[in-house]
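Letter by letter, the chains look like this.
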Amino acid sequence: MKPSRTRNISILFQLGGLVLAFGFVSLILLLIDADPIQAFSLLWEGAVGNTTRIASVFVVWVPIVLVTCGVLVTFTAGLWNIGIEGQITIGAIFTTGVIRMFLDTPVNPVLVIILSMLAGMLGGALWAVLAGVLKVFSGVNEIFGGLGLNFIATALNIGLIFGAWSRPGVASMSGTEPFPEVYWLPTFQNFRFSWYSILLSVIGLVVIYFLLQGTHFGLRLKAVGKSIKSAFRLGITTWQHMLLAFLVCGVFAGLAGALQVVAVYHRLIPSISSGYGFMGLMIGMLINYQAIWVAPIALFFAALNIGGIQLPIVMKLDSALTGVLQGSLVLFVLLMQGVKQRVLGKQ
Amino acid sequence: MKKKLVFWVLTVLMVSALILTACQPSAEPAPPAEEPAQVEEPEPVEEPEEFVFGMLLVGPYNDRGWSQAHHEAGEYVMENLPGTRMIYLDVVNTADRPGTTAAQLAEELVQQGAQLVVFNSDDMKDDAVEFTRNNPDVYVIHASGDSVWAEGENYVPLPNMVNVMGEMEYGKMIAGCDAALHTQTGSIGYLGPLINEETRRLVASSYLGAQYCWENYLGNDPADLNFRVTWIGFWFNIPGFTEDPTQVANEFINTGVDVIISGIDTTEALVEARKATGEGNQVYAIPYDYVGACDEAPEVCLGVPWYNWGPAYLRHITSAMNGTWESVFEWLPPDWGDINNHDTTAIGYVSGPGMSPDNEALLQQFIDELAGGLNLWVGPLNFQDGTTFLAEGQEATDHEIWYLPQLLEGIEGRSE
Amino acid sequence: MKIGFNQINKHFGEVHANVDINFNIQSGMIYGILGENGAGKSTLMKILSGFIQPDSGEIVLDGRVVEIESPADAIKFGIGMLHQDPLDFPPMQVIDNFIAGQEGGLLLKHKGIIREFKALQEQFGFTLDPEAYVDTLTVGERQQLEILRLLWLGARVLILDEPTTGISVQQKEKLFAALRVLAQQEKTVVFVSHKLEDVEVLCDKVAVLRNGCLVGEVESPFDTDQLVELMFGKLIILKDPESVSGDEIVFELQNLYIEQYPITIENVNFRLHAGEVIGLAGMEGSGQDVLLRACAGLQRPVSGRVIVNGEDLTGKNYHEFIRKGVGFLPASRLEEGLVPGLTLAEHFTVTSDEKQKLFIDKTYFRSLSEQMIDEYRIIGRPDTPVESLSGGNQQRAALSLLKDSLSIILLEHPTRGLDMESSIYMWDKLRERCKRGTSIFFISADLDEVLRYSDRILVFFSGRVSKPQDSAAIDLDQLGLMIGGKGWEQEIANEETYEAISNA
Ligand SMILES: Nc1ncnc2c1ncn2[C@@H]1O[C@H](COP(=O)(O)OP(=O)(O)OP(=O)(O)O)[C@@H](O)[C@H]1O
Ligand SMILES: [Mg+2]
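Chains as they are written, first to last, in the working numbering: chain A, 1 to 347; chain B, 1001 to 1416; chain C, 2001 to 2504.
I should point out that these hints are in silico values taken from the structure, not numbers from a laboratory.
Watch out, some of these pointers could steer you wrong.
[Claimed, not checked] Computed list of lysine-lysine pairs in DSSO-like fashion (alpha-carbon distance at most 27 Å, straight line):
| no. | chain 1 | residue 1 | chain 2 | residue 2 |
| --- | --- | --- | --- | --- |
| 1 | C | Lys2195 | C | Lys2172 |
| 2 | A | Lys229 | C | Lys2403 |
| 3 | C | Lys2187 | A | Lys229 |
| 4 | C | Lys2316 | A | Lys229 |
| 5 | C | Lys2118 | A | Lys229 |
| 6 | C | Lys2118 | C | Lys2187 |
| 7 | C | Lys2076 | A | Lys340 |
Okay, chain A solo, but in the shape it has when bound:
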């Protein structure tokens, strides 16, 4: 069989997964007496209906892309970085911390923003490396370590918002005092999104693409991910590479957290990670760890997130339905990959 035909067939199967996912969600909708066509057209309208909505989609796209980029690195090294949510949160905390330090100082706000974002990346990286250290030196599976660290990060975040960093006279889960506008990443006209965020995530995409496809480091990570024993025998320093994979992923997660603070919320809020970490893991699985697919699939997920807002407003449906759609998409595409392997294997 020609390789190009194999590829066409596998794309067909992916599309099959997509169709199945939509079919599945339609079925759910029919069961609750809602019109699937209306729901899907609402999703579409809600995501691309006007420029403001598109801008909102890109606001969500940025962190998803960054996080997915990071996740690809750990996936390549065969690691499940479940701790990514915590890494985003710690990134956001570090960023907020630095801005707070300089709030009433004459230091140039632009410098403060840059510093704070670097701090965010540092924070995310630290938290990720911690998960790595737990795995490499204490044998704690990164999934359990990550879950634990997520928990600690959330507790720390809430502790700060409710306590040390609370607004004067207020202790509320609604977040810390918003920063003065000079510490906001400039947005494009009146839209919510910032070209700087977009630029950063595009840079992230390019870096990850080349890191994984074109560098010796990426190839070694891949070897570690495929077979840690063989990689070690071939002379690769395996645990160092695993830690590095965590580190790189943490930098990306931290940057996502930093942007959530300086570009989106302008303050620290309890759910600052917004579940983007888990979404990144889902997308990573969905695209079978190919960096090339990050941008479009992240856009699709972001569009679903934003479009989903319409469902409760217009149809009184729970907007968690978009989460169901995203999840079943991953499941069905993975399922179809399995089916494909069976079918192609028989040829």
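Use these hints to put chains B and C with the ligands onto chain A, whose structure you have.
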């Protein structure tokens, strides 16, 4: 190599497809390219005369609490003002709707035709101001806010915004009195939401009411009254982010509290009180916000201080419709003639089935005293840290009550 | 059961792995499948056992055309297969592995199962401990377990894909006895190999494959030269290599003491000369693999010293050993030698010392791998994933990854899975390195190979290490006896003198 190229092309196509569709929003005649960022033209709706108002509810619309009170007020408006239609979005908070902001969601309501938007939480203050400023053509009611109070501390002149709040201080005083009349252990627990000026003054009001009835009606020593507040961190339980109100309520019950006053939007206190009572330990609860809140567990419910937003919303929406809109800050007292009249009062207090007839009379006496001008915000009153709040005979101003900086002496629990 | 192959064809991309295969296998016999590396033996057997489907052609069982869609299907038809490269050995108990694959709630009858297991293994003279963990078993024991499992699942046809590589002589004999018992029980045994000596003693009839085609069927008794000619298309003559051992000492073990349960190796003193080849002989699990790993820095000795090129590397890690010129090729090539999922080119990229900048110079590494593929005669392309190479070609790839700059090469079963011609070729390549001063330590279960290629031989018996035996002064029978534990009293007597010499 070719494979990669194909994927890049796909990516670019997908992005441009999204942008393209965006540039031709269905059948709109206005050239959108000329428009600046915010597209505010009111959408052409089927019936042009229809007035659509939107509501952003911080909790679920059927929470038997704060958000349901607002939602029913919206329905009240629709009933009493023909030609109006409500659209709403509930659970508007960053934990439940990650990645969104209230301002963004308000804009979505506008997209759906809303000409007036109600922000129903103090929590949405920053977003409400941002939205109001960016959408000068949209009327905004921010319930519980103080942004357009000229004498207030957060004044922002916004001609298209109105602030509305009921004088729940009275409701809470009645609740406090009710609690004091019923406690056997002398321990009252206040299940607090987050800490801010509003919640502090409501806790303080409850305490003042409890203390007054404890001393004057029951003739007890004020020192024997134990009044405690525990804050969960938000208006309702968000697992993983707030403290669990069920646990807090249990903690109260286990440490001798037998009347729980709820300051949160949901009814965990009632549920736990019923559970304890079922186990032979008589515990009462006083829920909050919503007139029907007692239904959850009537037998242990002493009563509920409730908000009646309907009349105020009706007034403001009417004025928005006939062009008499005015930016005001309103802090509305109850209708002392009948504090439970749905068409006139701003707040009320309905007694629950848990109330005994003797105490009912005493409580009514308290309400009558309040109606007759009894003011509990009179000195001498100290802050929790012992500093003087009000000197002997001094009456607190609205400003002092609204921006109460600390809990009062005699209340246990965090002030901030 | 009678098996018929009818016009079987199978392609992998451009490779035509099976071409119009037609032949029949009668029941109650041991049938051999012979062929050089990459001839298509495993492919044909995988088709028979349902792992892959043919592009065209049919399988006929007892005169009935059947479609075998999966291994589970195959076992329903009574066909079970032992793979050439069994990969997954989860840390399960023997007995759990035994019942895995069986349907129904059998766990409840655990005790009964153990009894049945024991009864079954008795028939074949196997002595596995049902409570032991699978990952502690030797390759031979895993094989025995797999045979028992398949029989218990009802296999009437047993396919063994190169079962004799990697197991000891004793285990091999046990295996052959078991296979003969099976044939007597009217079961069909299909025995895939390229080892003529095994086929000759065991099989009743063989089919020979070359380049995917069936080139002949021969019945016992066999004529070796005829088989060789069928397999390779020409006759192959073995010649003993010349020693190129020098005087310079490149590697030294001093009073080495190693513990690795259940083996304890005491007091090893040894000096390796440049260009020398040392064979380690012994039954599997006698300690030779432990010593080899200690030499590679993978096993920390309790005491004693490992000196490489005059530098004491005791206690240093494996990567330090690599840097100092020690290379190691483990036996289980897909588990710890090659990275499944990576292509040949990627392997060369990862292991190369050249051009290790940030970005990969893809053209450079492509041509490098083409050159290596050529040099080591690997049937495959730079972008072939290693797991789709045939067993022998995987071994060639693993050997080709050993860097040229190495001064000591440690090999576990270097020619495992290689056909005769390829083994000769591989040893030629290794010997070439020896001429350039590289020394070799190698383990092999094949005593002929040990005798032929070693300059000196270390014999192992349950953790004891003989003094180095000059390979010219020892013959196959003597070596066989020593491996079996005979003649060691003599050895101990000699030891003192040896130590006296080496300490002098
Ligand atoms: N999954 C696969 N994908 C691509 N090529 C394959 C695959 N499996 C086998 N081949 C190719 O098919 C040919 C025959 O392989 P096969 O494994 O049948 O050889 P073999 O006779 O078992 O050799 P060996 O003695 O080395 O094990 C080889 O050239 C091999 O590279
Ligand atoms: Mg094979």
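Open item on the list: Tell me if the straight-line CA distance from Lys2316 (chain C) to Lys229 (chain A) falls inside 27 Å.
Closed with: Answer holds: Lys2316 (chain C) to Lys229 (chain A) is near 18 Å, not above 27 Å.
Open item on the list: Check the hint pairing Lys2076 (chain C) with Lys340 (chain A) against an upper bound of 27 Å on the C-alpha distance.
Closed with: holds, 24 Å
Task: 27 Å limit on alpha-carbon distance, applied to hinted pair Lys2118 (chain C) and Lys229 (chain A) - done: violated, 34 Å
- [ ] Take the C-alpha atoms of Lys2187 (chain C) and Lys229 (chain A), compute the straight-line distance between them, and say whether it is at most 27 Å.
- [x] violated, 39 Å
Task: 27 Å limit on alpha-carbon distance, applied to hinted pair Lys2195 (chain C) and Lys2172 (chain C) - done: Given that 27 Å is the threshold and the Cα spacing comes to 13 Å, the pair holds.
TODO: Assess, step by step, whether the Cα of Lys229 (chain A) is no farther than 27 Å from the Cα of Lys2403 (chain C), and give holds or violated.
DONE: Between Lys229 (chain A) and Lys2403 (chain C) the Cα gap is close to 19 Å, so the pair holds against 27 Å.
Open item on the list: Given the hinted pair Lys2118 (chain C) and Lys2187 (chain C), is their Cα-Cα distance within 27 Å?
Closed with: With Cα atoms ~20 Å apart, Lys2118 (chain C) and Lys2187 (chain C) stay inside 27 Å; holds.
Checked against the numbered hints given earlier, the structure breaks hints 3 and 5 and satisfies all the rest.
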